[in-house]
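Undergrad: Sequence:
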Amino acid sequence: MKVFKFGGASVKDAQAVINLKQIIETETGNRLLIVISAMDKTTNWLERVVEAFSANQAWKELLLKVFDFHRAQLELLVGKEQSSATESIDKIQHYAFTFLEQDENTDFDFVYDQIVSLGEILSTKIIAAYLEREGLDIKWADARKLVHTDNTYRDAKVNWEETETRIKEFWSSEKANFIVTQGFIGGGEHNRMTTLGREGSDFSAAIFAYCLSAESVTIWKDVPGMLNADPKHFSNTSLLENISYREAIELSYYGASVIHPKTIKPLENKHIPLYVKSFKEPTEPGSSINDNTSEDSKIPSYIFKTDQVLISISSRDFSFIVEEHISDIFKRFATHRLKIQTMQNSAISFSVSVANHPSQIKALIKELQKDYKVLYNDGLELLTIRHFNEQIVSELIKDREVMLEQKTRHTMRILMRGQKLL
Numbered sequence: 005m006k007v008f009k010f011g012g013a014s015v016k017d018a019q020a021v022i023n024l025k026q027i028i029e030t031e032t033g034n035r036l037l038i039v040i041s042a043m044d045k046t047t048n049w050l051e052r053v054v055e056a057f058s059a060n061q062a063w064k065e066l067l068l069k070v071f072d073f074h075r076a077q078l079e080l081l082v083g084k085e086q087s088s089a090t091e092s093i094d095k096i097q098h099y100a101f102t103f104l105e106q107d108e109n110t111d112f113d114f115v116y117d118q119i120v121s122l123g124e125i126l127s128t129k130i131i132a133a134y135l136e137r138e139g140l141d142i143k144w145a146d147a148r149k150l151v152h153t154d155n156t157y158r159d160a161k162v163n164w165e166e167t168e169t170r171i172k173e174f175w176s177s178e179k180a181n182f183i184v185t186q187g188f189i190g191g192g193e194h195n196r197m198t199t200l201g202r203e204g205s206d207f208s209a210a211i212f213a214y215c216l217s218a219e220s221v222t223i224w225k226d227v228p229g230m231l232n233a234d235p236k237h238f239s240n241t242s243l244l245e246n247i248s249y250r251e252a253i254e255l256s257y258y259g260a261s262v263i264h265p266k267t268i269k270p271l272e273n274k275h276i277p278l279y280v281k282s283f284k285e286p287t288e289p290g291s292s293i294n295d296n297t298s299e300d301s302k303i304p305s306y307i308f309k310t311d312q313v314l315i316s317i318s319s320r321d322f323s324f325i326v327e328e329h330i331s332d333i334f335k336r337f338a339t340h341r342l343k344i345q346t347m348q349n350s351a352i353s354f355s356v357s358v359a360n361h362p363s364q365i366k367a368l369i370k371e372l373q374k375d376y377k378v379l380y381n382d383g384l385e386l387l388t389i390r391h392f393n394e395q396i397v398s399e400l401i402k403d404r405e406v407m408l409e410q411k412t413r414h415t416m417r418i419l420m421r422g423q424k425l426l
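To convert, count from 1 in the sequence shown and add 4; that's this note's numbering.
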């Protein structure tokens, strides 16, 4: 069997869903488990609903627009007649409004998971209904009953043993050629919905592939495969035709946006190849990620992050910053859920860069200032180069104010101010 994963752009509307059908129909002789994200920008819309609800602002109209959009896509795909998907959308809408109006738990992360996870339920109900209408041998599967997690809302941890048992039992009991299920979501304790972290649908595909020892995983994107740079920031990009699991982990760790960071490890553990292909050009080969390391260093890769903040922490009395201080600082960053991108220390200071999350950074700095002297610079940009050479680096940082620079044999990271067309 194989696992296919379709992201939001690949199922953004009715026409995209029709394209999905054409892609999966080419897989003859293989059972497919199809992991699907929320349609288009649904996750963003539902996040706005949760933010408005938490701020005691108007949210009902925003939520209604989400359901109106999905009803419109369903009608385009299956017509105006009532279907099981129509009933499902009605039930999901009733649940969402009832939950927000009546549930007493207003913790933001908890509310987020109960509402934002509905995007994947809606998309898969619609797509399964369409594929069934088109005569495909299809079964809808509820990932909340298969992917068992703890209750760490918005970043749930998978109970691998229980999850593997559930997925194997389901797969062996269902004989349909196509199983449609949700990415991004799982089920925690007390039947509460959980999510696996933003962009976690790739991870979902890896979970199912690992538990079923899949032949391969294919992630369908709006790009021709894994590129060595983001076309939004770099005018000339190259396709990475083949990279190793290790290289993919490095690139995703540094922020490459094509593959979710947690996706690679389960696949590497069972040597399951991962393919990244374009749903716009499905016959093109795309990129392969596997055990082969021979191609890793042939093409430099560039990862560009905007809106970064450099925070410099020093002792008040010019005493050394030692391990005890660094451990304390790390704990505080973890408490405020801020991921450190780069770090550098001197005798009396410790500097780190993070993505700009204003409310979290403000709270962190306020807390740090009780014990340390804290300075910060915002509006910075972080450039990471894998397999760099000095000439390329000189060209990229020309006329830029470099705030922090780190270099290893294979990777260079530069935090800088100012903008320049790369």
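Simulated from the structure, these hints should not be mistaken for lab results. Where a beta carbon is used, it is the ideal one built from N, C-alpha and C, also for glycine. Among the hints, erroneous ones may be present.
[Said to hold, decoys possible] Subject to a maximum C-alpha distance of 25 Å in a straight line, what follows is the list of computed PhoX-like cross-link-like pairs (lysine-lysine):
1. 161 <-> 284
2. 45 <-> 25
3. 16 <-> 45
4. 25 <-> 161
[To be verified] Each pair of labels, with its calculated beta carbon distance range:
5. 80 <-> 285: 20 to 26 Å
6. 30 <-> 159: 32 to 38 Å
7. 58 <-> 285: 21 to 27 Å
Undergrad: Please name the hints from earlier in the document that this structure breaks, with their numbers sorted from lowest to highest.
TA: 1, 4 and 7
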